[in-house]
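Participant: Sequence:
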Amino acid sequence: MQTLKIYNTLSGNKEVFEPINPDSVSMYVCGPTVYGEGHLGHARPAITFDTLFRYLKILGYKVRYVRNITDVGHLLNDADDGGDKIGEKAKALQLEPMEVAHYYTKKYHESMYKLNVENPSIEPLASGHIIEQIEMIKKIIDNGFGYEVNGSIYFDVVKYNESNEYGMLSRRKIEDMLENTRELDGQSDKKNQVDFALWKKASPEHIMRWPSPWGDGFPGWHLECSAMSCKYLGEEFDIHGGGMDLVFPHHEAEIAQCCAANNNKGAKYWMHNNMITIGGQKMGKSLGNFITLNEFFNGSHEKLDQAYHPMVIRFFLLQAHYRSTIDFSNDALQAAEKGLIRLFNAIKTLNEISPKENSNIDVSSFPNKCDDAMNDDLNTPIVLSHLFDLVKVINSCKEGKHDLSANDIDLLKNLLNKYVTEIFGLQSILKENNSTDINTLMSFVLDLRSQLKENKDWATADKIRDGLNDINIEIKDTKDGSTWDYKK
RNA sequence: GGUCGGAUGGCCGAGUGGCUAGGCAGUGGUCUGCAAAACCAUCUACACCGGUUCGAAUCCGGUUCCGACCUCCA
5 MQTLKIYNTL SGNKEVFEPI NPDSVSMYVC GPTVYGEGHL GHARPAITFD
55 TLFRYLKILG YKVRYVRNIT DVGHLLNDAD DGGDKIGEKA KALQLEPMEV
105 AHYYTKKYHE SMYKLNVENP SIEPLASGHI IEQIEMIKKI IDNGFGYEVN
155 GSIYFDVVKY NESNEYGMLS RRKIEDMLEN TRELDGQSDK KNQVDFALWK
205 KASPEHIMRW PSPWGDGFPG WHLECSAMSC KYLGEEFDIH GGGMDLVFPH
255 HEAEIAQCCA ANNNKGAKYW MHNNMITIGG QKMGKSLGNF ITLNEFFNGS
305 HEKLDQAYHP MVIRFFLLQA HYRSTIDFSN DALQAAEKGL IRLFNAIKTL
355 NEISPKENSN IDVSSFPNKC DDAMNDDLNT PIVLSHLFDL VKVINSCKEG
405 KHDLSANDID LLKNLLNKYV TEIFGLQSIL KENNSTDINT LMSFVLDLRS
455 QLKENKDWAT ADKIRDGLND INIEIKDTKD GSTWDYKK
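For the first sequence, the working numbering gives the first residue as 5, with consecutive numbering after it.
Just so you know, these hints were derived from the structure itself, not from any lab. Built from N, CA and C at the ideal position, the CB exists for glycine as well. Be aware that a few hints might be false.
[Said to hold, decoys possible] List of simulated lysine to aspartate or glutamate pairs, DMTMM-like, C-alpha gap at most 25 Å:
id: 1; residue 1: Lys89; residue 2: Glu103
id: 2; residue 1: Lys491; residue 2: Asp376
id: 3; residue 1: Lys163; residue 2: Glu127
id: 4; residue 1: Lys435; residue 2: Asp335
id: 5; residue 1: Lys235; residue 2: Glu22
id: 6; residue 1: Lys61; residue 2: Glu240
id: 7; residue 1: Lys272; residue 2: Asp376
id: 8; residue 1: Lys89; residue 2: Glu136
id: 9; residue 1: Lys235; residue 2: Asp146
id: 10; residue 1: Lys417; residue 2: Asp366
id: 11; residue 1: Lys163; residue 2: Glu122
id: 12; residue 1: Lys417; residue 2: Glu341
id: 13; residue 1: Lys467; residue 2: Asp441
id: 14; residue 1: Lys18; residue 2: Asp376
id: 15; residue 1: Lys142; residue 2: Asp193
id: 16; residue 1: Lys110; residue 2: Glu41
id: 17; residue 1: Lys194; residue 2: Asp220
id: 18; residue 1: Lys118; residue 2: Glu306
id: 19; residue 1: Lys194; residue 2: Glu136
id: 20; residue 1: Lys194; residue 2: Glu166
id: 21; residue 1: Lys483; residue 2: Glu356
id: 22; residue 1: Lys435; residue 2: Asp489
id: 23; residue 1: Lys402; residue 2: Asp376
id: 24; residue 1: Lys118; residue 2: Glu299
[Claimed, not checked] Each pair of labels, with its calculated beta carbon distance range:
id: 25; residue 1: Lys142; residue 2: Arg346; range: 56 to 66 Å
id: 26; residue 1: Lys480; residue 2: Ala311; range: 16 to 26 Å
id: 27; residue 1: Asp193; residue 2: Glu169; range: 37 to 47 Å
id: 28; residue 1: Lys142; residue 2: Asn17; range: 34 to 44 Å
id: 29; residue 1: Glu169; residue 2: Thr329; range: 22 to 32 Å
id: 30; residue 1: Ala311; residue 2: Lys9; range: 32 to 42 Å
id: 31; residue 1: Thr353; residue 2: Lys467; range: 27 to 37 Å
id: 32; residue 1: Glu209; residue 2: Arg327; range: 18 to 28 Å
Make the full structure from the sequences, and use the hints.
Facilitator: The structure is reproduced here in structure tokens:
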């Protein structure tokens, strides 16, 4: 098996990936809170870790991939005793909170399907694991790291830090955090500002609530991931992923909870994808550049020049390294779209190349070069650059400038299939002209037109060409005759 | 304010102490009745100021600007 290196936020370094069990990998990724339409910010971790999921399987691992759905309404902020995101939305729409959660879960799944994101092995709901979360709180209390105030349970970060290291993931010092915390008018029940809620007592108007040993309430913000990863992957598992914005406090708190409950920090490798920007700005509702996935797919947002196929979004994300920020703009997406079409045209071309006795160009190094890049912390942009070098090779074979043997053609077909289809999960966006009726009709039209051209009746020939162009059919005149295709 | 990260050619985006990243656009060419498409070739770079070095875009220091987190957030 090849040596895969991944960047571990915990150590701040690229590390050789060695799973706890040699043949299998356990992976947990933070999924969406389902209170609104899926947006670009959801696409990046989904695609980043989908690519990792696919790659680990290609490497021969048995992978259990858990990605949760957060359908429990956590509080909007710490000082607030009132609403949560799902509950607020439910009130606004006069729906049950679970109707809201279910509706947006379905929308999320639809977007993931369009982006060709594979289903995780398990997709647990936070609301379905209240019991596990309560049990975990009990363990934390029993171990002396939780305390109750007025029906709410808090995690005692200061006490925890005496015997453990709070801040190991985000490299924060608890002393700095205690110093820097602003006075918040002393509304909180917490002993220290750095403490966080494990269980929150539900105020009368809070609609999402469950019974517990401490009265009706709802679980804290960070608990579900600890409880569910532990349940399905064990107290110690291989990879925990999510967006960089979750490093603190969410993932830091998860580590603390797992250590406090199980004396085990949970994941061995922590991986974080970077954020996206739109036109150089952070995406946010207040900035007017908040674009949902469906708006990208149908082009309905005013900032978009056109619709972008889900595969263009996927390809565009893969053209950047997952730990870099990536900036969305119409120019960049249109460039990606053209690149993607070029790639798939070359794959099509490869199937049409007739093999020669011997190759006169060496393509044997391509598989290793791609693997090396992928093994270097999933450097998908470098893999793509190699694949585009391959596009040049394929095209020059078509032009008769190079030859490829049958063996080499197979090698390239396998390589492209492995990377483009299986690991990157890309699908062709070329329109297929596979309707028999239209093909018969078009070959008649093209035949007619070539007669016109032979008779030098350029005016009529051009009229046909222009007319077809208007209905999105493009005629391509080559020296071997004319072909046609749907325009993009 | 604290912690951390970034600044690469017209746009996006890799990488690295000396050797072409790649995509898109541009330019030149092939092909064509013309055009389009396609294909081939190719130019423009490493924020600023110092330092280390035979050599730095790459290492070090400083400056400016940008971003993330510190509060729900992918």
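Participant: If a hint holds in the structure, say so; if it does not, say that too.
Facilitator: Quick rundown of the hints versus the structure:
{"no.": "1", "hint": "Lys89 - Glu103", "result": "holds, 13 Å"}
{"no.": "2", "hint": "Lys491 - Asp376", "result": "violated, 36 Å"}
{"no.": "3", "hint": "Lys163 - Glu127", "result": "violated, 34 Å"}
{"no.": "4", "hint": "Lys435 - Asp335", "result": "holds, 22 Å"}
{"no.": "5", "hint": "Lys235 - Glu22", "result": "holds, 22 Å"}
{"no.": "6", "hint": "Lys61 - Glu240", "result": "holds, 20 Å"}
{"no.": "7", "hint": "Lys272 - Asp376", "result": "holds, 23 Å"}
{"no.": "8", "hint": "Lys89 - Glu136", "result": "holds, 23 Å"}
{"no.": "9", "hint": "Lys235 - Asp146", "result": "holds, 19 Å"}
{"no.": "10", "hint": "Lys417 - Asp366", "result": "holds, 15 Å"}
{"no.": "11", "hint": "Lys163 - Glu122", "result": "violated, 42 Å"}
{"no.": "12", "hint": "Lys417 - Glu341", "result": "holds, 22 Å"}
{"no.": "13", "hint": "Lys467 - Asp441", "result": "holds, 22 Å"}
{"no.": "14", "hint": "Lys18 - Asp376", "result": "holds, 14 Å"}
{"no.": "15", "hint": "Lys142 - Asp193", "result": "holds, 19 Å"}
{"no.": "16", "hint": "Lys110 - Glu41", "result": "holds, 10 Å"}
{"no.": "17", "hint": "Lys194 - Asp220", "result": "holds, 19 Å"}
{"no.": "18", "hint": "Lys118 - Glu306", "result": "holds, 22 Å"}
{"no.": "19", "hint": "Lys194 - Glu136", "result": "holds, 24 Å"}
{"no.": "20", "hint": "Lys194 - Glu166", "result": "holds, 18 Å"}
{"no.": "21", "hint": "Lys483 - Glu356", "result": "holds, 17 Å"}
{"no.": "22", "hint": "Lys435 - Asp489", "result": "holds, 8 Å"}
{"no.": "23", "hint": "Lys402 - Asp376", "result": "violated, 28 Å"}
{"no.": "24", "hint": "Lys118 - Glu299", "result": "holds, 13 Å"}
{"no.": "25", "hint": "Lys142 - Arg346: 56 to 66 Å", "result": "holds, 58 Å"}
{"no.": "26", "hint": "Lys480 - Ala311: 16 to 26 Å", "result": "holds, 24 Å"}
{"no.": "27", "hint": "Asp193 - Glu169: 37 to 47 Å", "result": "violated, 26 Å"}
{"no.": "28", "hint": "Lys142 - Asn17: 34 to 44 Å", "result": "holds, 37 Å"}
{"no.": "29", "hint": "Glu169 - Thr329: 22 to 32 Å", "result": "holds, 29 Å"}
{"no.": "30", "hint": "Ala311 - Lys9: 32 to 42 Å", "result": "holds, 38 Å"}
{"no.": "31", "hint": "Thr353 - Lys467: 27 to 37 Å", "result": "holds, 31 Å"}
{"no.": "32", "hint": "Glu209 - Arg327: 18 to 28 Å", "result": "violated, 42 Å"}
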